[in-house]
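A.B. asks: Here's the letter readout for the chains.
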Amino acid sequence: MKRLCACLLIAVMLLSCVALADVSINMNGFPVVDKVMEFTTMVPRTVDQGDWNEMWIYDHYEEVTGIRWKINMVDSAAWAEQKNLAFATGDLPDAFASVNALTASELISYGSQGYLIDLNRLLADYTPHYTAMTEIVPEIVTAVTTPEGKIYSAPTVILTTRELDKQNRVYMNMQWLENLGLSVPGTTDELYDVLMAFKEKDADGDGDADNEIPFGGRFEGAYPEMFLLAAFGLADNTWDVDGDGQVLYVPASENYFHYLEYMKKLWDAKLIDEEFFSQTDDQFNSKAASVKYGFFRSGGANWTSISDPAGYLQYKMFEPITSDYNGEKIAPAVAANISYGFSITDQCEYPEVLARWLDYTYTPEGSIYTRYGSELGKPDEKNGWSWELSDAGVVGMRLTYDTDKYSSYNNWRMQVCTPMNNIYAETPVQIEGLSYEGTPVQMGFFTALDERQVILTNDIVNNHSPYYKTAYPVLMLTDEESEKVALYDTDLSTFVKQMAAKFITGDEALTKDSFDAYVKQLDARGLSEYTAIQQAAYDR
Amino acid sequence: MFEMHQNRESRGDRIFSTINHSLLVLITLVCFYPLIYVLSASISDPILVNTGEVTLLPKGFTLEGYKMIFEYTMIWIGYRNTIFYTLTGTLINLTITLMTAYALSRKDLIGRNLFTMFFAFTMYFSGGLIPTFLIVKQLGMVNTIWSMLLLGAVSMYNVIITRTYMSNSIPYELQEAAFLDGCSDAGIFTKVILPLSPPIIAVMSLYYAVGHWNSYFNALIYLTNRNIMPLQIFLREILILNQMTDMMEGADTDTMILLAERQRMAMIMKYCLIVVASAPVLAAYPFVQKYFIKGIMIGAVKG
Amino acid sequence: MVIEWNGHKRRLRKIVRGWQLYTFLLPALIYYIVFHYAPMYGIQIAFRDYTARGGIMGSKWVGFKHFFQFFALPQFGILMKNTILLSLMALAIGFPLPIVFALMLNEVQKVRFRKVVQNLTYAPHFISTVVLVGMVTAFLSPSSGIINKLMVNLGGEKRDYMARAEYFRWIYCISGIWQNLGWGSILYLSALSGIAMELHEAAQIDGATRLQRIWHVNLPGIMPTIIITLILNVGNILNIGFEKVYLMQNSLNLESSEIISTYVYKMGLQKAQFSFSSAVGLFNAVINFSLLTLVNSLSKRLTETSLW
Numbered sequence: 001m002k003r004l005c006a007c008l009l010i011a012v013m014l015l016s017c018v019a020l021a022d023v024s025i026n027m028n029g030f031p032v033v034d035k036v037m038e039f040t041t042m043v044p045r046t047v048d049q050g051d052w053n054e055m056w057i058y059d060h061y062e063e064v065t066g067i068r069w070k071i072n073m074v075d076s077a078a079w080a081e082q083k084n085l086a087f088a089t090g091d092l093p094d095a096f097a098s099v100n101a102l103t104a105s106e107l108i109s110y111g112s113q114g115y116l117i118d119l120n121r122l123l124a125d126y127t128p129h130y131t132a133m134t135e136i137v138p139e140i141v142t143a144v145t146t147p148e149g150k151i152y153s154a155p156t157v158i159l160t161t162r163e164l165d166k167q168n169r170v171y172m173n174m175q176w177l178e179n180l181g182l183s184v185p186g187t188t189d190e191l192y193d194v195l196m197a198f199k200e201k202d203a204d205g206d207g208d209a210d211n212e213i214p215f216g217g218r219f220e221g222a223y224p225e226m227f228l229l230a231a232f233g234l235a236d237n238t239w240d241v242d243g244d245g246q247v248l249y250v251p252a253s254e255n256y257f258h259y260l261e262y263m264k265k266l267w268d269a270k271l272i273d274e275e276f277f278s279q280t281d282d283q284f285n286s287k288a289a290s291v292k293y294g295f296f297r298s299g300g301a302n303w304t305s306i307s308d309p310a311g312y313l314q315y316k317m318f319e320p321i322t323s324d325y326n327g328e329k330i331a332p333a334v335a336a337n338i339s340y341g342f343s344i345t346d347q348c349e350y351p352e353v354l355a356r357w358l359d360y361t362y363t364p365e366g367s368i369y370t371r372y373g374s375e376l377g378k379p380d381e382k383n384g385w386s387w388e389l390s391d392a393g394v395v396g397m398r399l400t401y402d403t404d405k406y407s408s409y410n411n412w413r414m415q416v417c418t419p420m421n422n423i424y425a426e427t428p429v430q431i432e433g434l435s436y437e438g439t440p441v442q443m444g445f446f447t448a449l450d451e452r453q454v455i456l457t458n459d460i461v462n463n464h465s466p467y468y469k470t471a472y473p474v475l476m477l478t479d480e481e482s483e484k485v486a487l488y489d490t491d492l493s494t495f496v497k498q499m500a501a502k503f504i505t506g507d508e509a510l511t512k513d514s515f516d517a518y519v520k521q522l523d524a525r526g527l528s529e530y531t532a533i534q535q536a537a538y539d540r
Numbered sequence: 001m002f003e004m005h006q007n008r009e010s011r012g013d014r015i016f017s018t019i020n021h022s023l024l025v026l027i028t029l030v031c032f033y034p035l036i037y038v039l040s041a042s043i044s045d046p047i048l049v050n051t052g053e054v055t056l057l058p059k060g061f062t063l064e065g066y067k068m069i070f071e072y073t074m075i076w077i078g079y080r081n082t083i084f085y086t087l088t089g090t091l092i093n094l095t096i097t098l099m100t101a102y103a104l105s106r107k108d109l110i111g112r113n114l115f116t117m118f119f120a121f122t123m124y125f126s127g128g129l130i131p132t133f134l135i136v137k138q139l140g141m142v143n144t145i146w147s148m149l150l151l152g153a154v155s156m157y158n159v160i161i162t163r164t165y166m167s168n169s170i171p172y173e174l175q176e177a178a179f180l181d182g183c184s185d186a187g188i189f190t191k192v193i194l195p196l197s198p199p200i201i202a203v204m205s206l207y208y209a210v211g212h213w214n215s216y217f218n219a220l221i222y223l224t225n226r227n228i229m230p231l232q233i234f235l236r237e238i239l240i241l242n243q244m245t246d247m248m249e250g251a252d253t254d255t256m257i258l259l260a261e262r263q264r265m266a267m268i269m270k271y272c273l274i275v276v277a278s279a280p281v282l283a284a285y286p287f288v289q290k291y292f293i294k295g296i297m298i299g300a301v302k303g
Numbered sequence: 001m002v003i004e005w006n007g008h009k010r011r012l013r014k015i016v017r018g019w020q021l022y023t024f025l026l027p028a029l030i031y032y033i034v035f036h037y038a039p040m041y042g043i044q045i046a047f048r049d050y051t052a053r054g055g056i057m058g059s060k061w062v063g064f065k066h067f068f069q070f071f072a073l074p075q076f077g078i079l080m081k082n083t084i085l086l087s088l089m090a091l092a093i094g095f096p097l098p099i100v101f102a103l104m105l106n107e108v109q110k111v112r113f114r115k116v117v118q119n120l121t122y123a124p125h126f127i128s129t130v131v132l133v134g135m136v137t138a139f140l141s142p143s144s145g146i147i148n149k150l151m152v153n154l155g156g157e158k159r160d161y162m163a164r165a166e167y168f169r170w171i172y173c174i175s176g177i178w179q180n181l182g183w184g185s186i187l188y189l190s191a192l193s194g195i196a197m198e199l200h201e202a203a204q205i206d207g208a209t210r211l212q213r214i215w216h217v218n219l220p221g222i223m224p225t226i227i228i229t230l231i232l233n234v235g236n237i238l239n240i241g242f243e244k245v246y247l248m249q250n251s252l253n254l255e256s257s258e259i260i261s262t263y264v265y266k267m268g269l270q271k272a273q274f275s276f277s278s279a280v281g282l283f284n285a286v287i288n289f290s291l292l293t294l295v296n297s298l299s300k301r302l303t304e305t306s307l308w
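Protein chains in written order, with the working numbering: chain A, 1 to 540; chain B, 1 to 303; chain C, 1 to 308.
Honestly, the hints are just simulated from the structure, not real lab data.
Hints should not be assumed to be uniformly reliable.
What the hints assert, rightly or not - Simulated crosslink set (EDC-like; lysine to aspartate or glutamate; CA at most 16 Å straight-line):
#1 A:Lys502 with C:Glu255
#2 C:Lys60 with A:Glu480
#3 A:Lys35 with A:Asp51
#4 C:Lys266 with A:Asp489
#5 A:Lys502 with C:Glu166
#6 C:Lys158 with A:Glu274
#7 A:Lys497 with C:Glu255
#8 A:Lys265 with A:Asp324
#9 C:Lys149 with B:Glu53
#10 A:Lys292 with B:Glu53
#11 C:Lys266 with A:Glu220
#12 C:Lys65 with A:Asp489
#13 B:Lys137 with A:Asp91
#14 C:Lys14 with B:Asp108
#15 C:Lys266 with A:Glu483
#16 A:Lys265 with A:Asp193
All chains should be modelled from the sequences, with the hints used to inform the complete structure.
C.D. replies: What follows is the structure in structure tokens.
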């Protein structure tokens, strides 16, 4: 009996040895393994996405790296619950391979519980391209490293100039300016005058002087907050750092007071949309689409809803403005546009293999293919497009997809081509075989359908990028810290917003004293402790 | 003499009638207005709708929303599944509810209050999603139709309402009479209770059926096989697209353009979705209605 | 002793004889035990610091920590006040109206008219919350909403109703009635149809007017239904709907519109805290259940109808 057991034991041990020795990993290139290996992942999926399993890019991965992904497409509506259940029941896939699948606090929480592997060693040993990139932009490492020095997620990194702009795209109707013979404002006072002119005169030339709304936006959502705060010297709307390395909470700072004063001035002069505080997203977007606004912020460039060129061509961005309290033109930006893209769970048997796959997505070729889902420079009938690099160093695209079947190029892209949700790095590195003299790649699309992309890129690059100022870095907090912060943050941000609304509309008088009282209230609600936590994190 | 009384309404009654009728017409118009609005909005240009230009009649006629919805083939599968869940599920619901309500309506049932409390307690206290999920998983019901049909098989709220009806609208004397005639409890149930219950059965069918029709949460959690998913899931997928724009401001430009397009689509489809989702139910109601109109002639049931 | 034994024996016999009734209860019993009582151990989450690693049983026991955290929130008082006031108002306004509506509708003789009214009034119930709030916002919009246009025509002034805290509860309740009047009356209509015809005939013979008949025949006839529904609704006071309030909230009406569920949701967006939201949920449940039992005993004493 004993001998039988011993034999069995040895047999089992031998078997596992064989299994490990079986996989030899190619450290210097691709493919990574000799035989195709399969890995599982789960991703959220929206209604207009096709099945990732059938997309070209995953076939491409298999071909190039020898790794096959088996993807469980989960409804995006159910994503949060399914994610929690997966952790709760221990039924995890090998990896989470889509952007922002897990939030920062989830990464830390589940990571510290051991569900996610610390990627430090893997990234150091197995992903040379990633390492090269972090040498150019060290902020990447800070963004993904937890306070305990662990890395639970590899990032998706976007470094092209256009993408570093932070929530700051404001548009002014240039046509109206021209009609009234005004020039683009450079200071807050000039902006005020321009808005007044929009209101009082017939800016759009239709004979009615009253139907223009000078300042558009939604207090609960998109309005030129960042742009105006920048005019007052603040490079973010929550946390900022002053000259001495001291962290400060923007809504409690001195210049924020002046910003509120300015907004109040605008509100009292009835320059702001009267439904500013209550309108829904739909209402706002529809008004923007009807060319009713003189000045508004839009995330998706000036064509969020304005599909008619006659409409959107009237709007352009312009340079940051200054004010009496700040003479520097600031365009809030990030050092690198980083999202958490890839985590390996403790269920994965061969994390080293996955790390090598990950490296592929950081190579110039891999990252572009991942981003665009098709091969550069080769006309591809199956995928319906080909793309090339133009002389100016911009990626140009030729589309040949079926325009009847798919309502737009994005629609087609989502269905057939790329998940658009994958890990990649858009970096200023040279692509083999194509040269562009080391200037940052301006990724743009030039097709008959998307001149708007060109306009947007030019707008940002010309007007904002010269004045980029990095706002507060992305920091990771410890589990304890984030628990405390969770309690404060909701409270503080709700209160800040409430008071801002009251100050602007005049429900609450805006004086030095009332502002000080408001700051004291913030302290009472935990601001001082919150600041201390942020300071500690910043100093790390 | 009888006829004279019945034919001649007093003046007071006639005034009452007039006022009653007028008020009802007014209320109906006000309550029905939202539906007309939704219908109009579903075939109007969404920008006009959102800037308030559409009040009653459609403006900027477009069928784009409907087209987009019906081109989404999963919708038909969703319809099929939801009809199945509604019919089968309601049947299960009714059976259990009626049986339970009857048993609890009998004042001579020992432990009656105990049972009621036992069941009602669960309306307020529950173990939460994770333990329930684990149990469902252990029973092998995950990703099967049973998670849709068996979870929520009974609603204590409905049982209580049914029980109330049975206690109050069905005279106990009838039950006693049947009992004396040699009927068993089950017999009383089938011969006395059920025939007198059409109004409450109608209401319960409606409540449960609508509940099934609108349900999506269980499907969200327990189903991954898209072929057995109900209609609401597919509809919600489309609707959710509308609500994501604010959150994604930090994303890169390509994503933002995509979201802007999605949002435009969702704006158009929003109202059409309501019509598509509720039309069948609204159409079915008239069939259930007749059970509310007439009163029941008690005398007809004796014997 | 002999009497007791006889008493027990009689009870036992009664139970045995009533076996059919118990069988009737069996399906529901099995259902509740399997799907509701078996997972009940999960309530503990409120008393532990839940982590996925520990699971429910293995996570650290912290007693009432989460409850104290909840009570210590600076917003706690406002949250409770807003939640209760909103619920009470919704109950006070929204509960009687469907009854009145049902009574009115029941008096209509023409079957066709009744059918049409019923069909048209219950339709708004099917409009999703998102669309309903969108509609309400549109109607109340200062620039283009019909309510404001009406006000201006009548000589009043334009107001951004959605942006004022004092209007919030009214908007919430009235839109609720608008949506649910028809649907809520269905139950009462069916109860009304269950009232024996003979009672009506007797009243008519006695020369009662319509109003008198409503008061003396109809209303008492459906009183048990009314009472039971009222009791059940009181038991839901702290659970007032999350989705609609969340959609109607904005920074200016937050003083009235921040309720327990919306606040806990916002906290959950920061960091998923199972234990904390579980604790809040449990707190709500305890209060609700206590209210329920209270109202139930009151009802038992004052009327003959009660849940148990």
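A.B. asks: All hints, please: hold or fail.
C.D. replies: Evaluated hints:
In summary, the hint linking Lys502 of chain A to Glu255 of chain C is supported, as the alpha carbons are separated by about 11 Å, within the 16 Å threshold. At roughly 15 Å between alpha-carbon atoms, Lys60 of chain C and Glu480 of chain A fall within 16 Å of each other, so this suggested pair holds. For the suggested pair Lys35 of chain A and Asp51 of chain A, the alpha carbons sit about 25 Å apart, so the restraint of at most 16 Å is broken. At roughly 10 Å between alpha-carbon atoms, Lys266 of chain C and Asp489 of chain A fall within 16 Å of each other, so this suggested pair holds.
In summary, the hint linking Lys502 of chain A to Glu166 of chain C is supported, as the alpha carbons are separated by about 14 Å, within the 16 Å threshold. With a C-alpha separation of about 10 Å, the suggested pairing of Lys158 of chain C with Glu274 of chain A holds against the 16 Å cut-off. The straight-line distance between the Cα atoms of Lys497 of chain A and Glu255 of chain C is roughly 12 Å, inside the 16 Å bound, and the hint therefore holds. Taken as a hint, the Lys265 of chain A and Asp324 of chain A pair is honoured in the structure, with Cα atoms around 15 Å apart against an allowance of 16 Å.
For the hint linking Lys149 of chain C to Glu53 of chain B, the alpha-carbon distance of about 12 Å falls within 16 Å, and the restraint holds. With a C-alpha separation of about 14 Å, the suggested pair Lys292 of chain A and Glu53 of chain B falls inside the 16 Å cut-off, and the hint holds. Taken as a hint, the Lys266 of chain C and Glu220 of chain A pair is honoured in the structure, with Cα atoms around 14 Å apart against an allowance of 16 Å. At roughly 20 Å between alpha-carbon atoms, Lys65 of chain C and Asp489 of chain A are farther apart than 16 Å, so this suggested pair is violated.
In summary, the hint linking Lys137 of chain B to Asp91 of chain A is supported, as the alpha carbons are separated by about 12 Å, within the 16 Å threshold. A threshold of 16 Å between alpha carbons decides the hint, and for Lys14 of chain C with Asp108 of chain B the separation of about 9 Å falls inside it, so the pair holds. Proximity of Lys266 of chain C to Glu483 of chain A is assessed by CA-CA distance (about 14 Å); at most 16 Å being required, the pair is judged to hold. A threshold of 16 Å between alpha carbons decides the hint, and for Lys265 of chain A with Asp193 of chain A the separation of about 12 Å falls inside it, so the pair holds.
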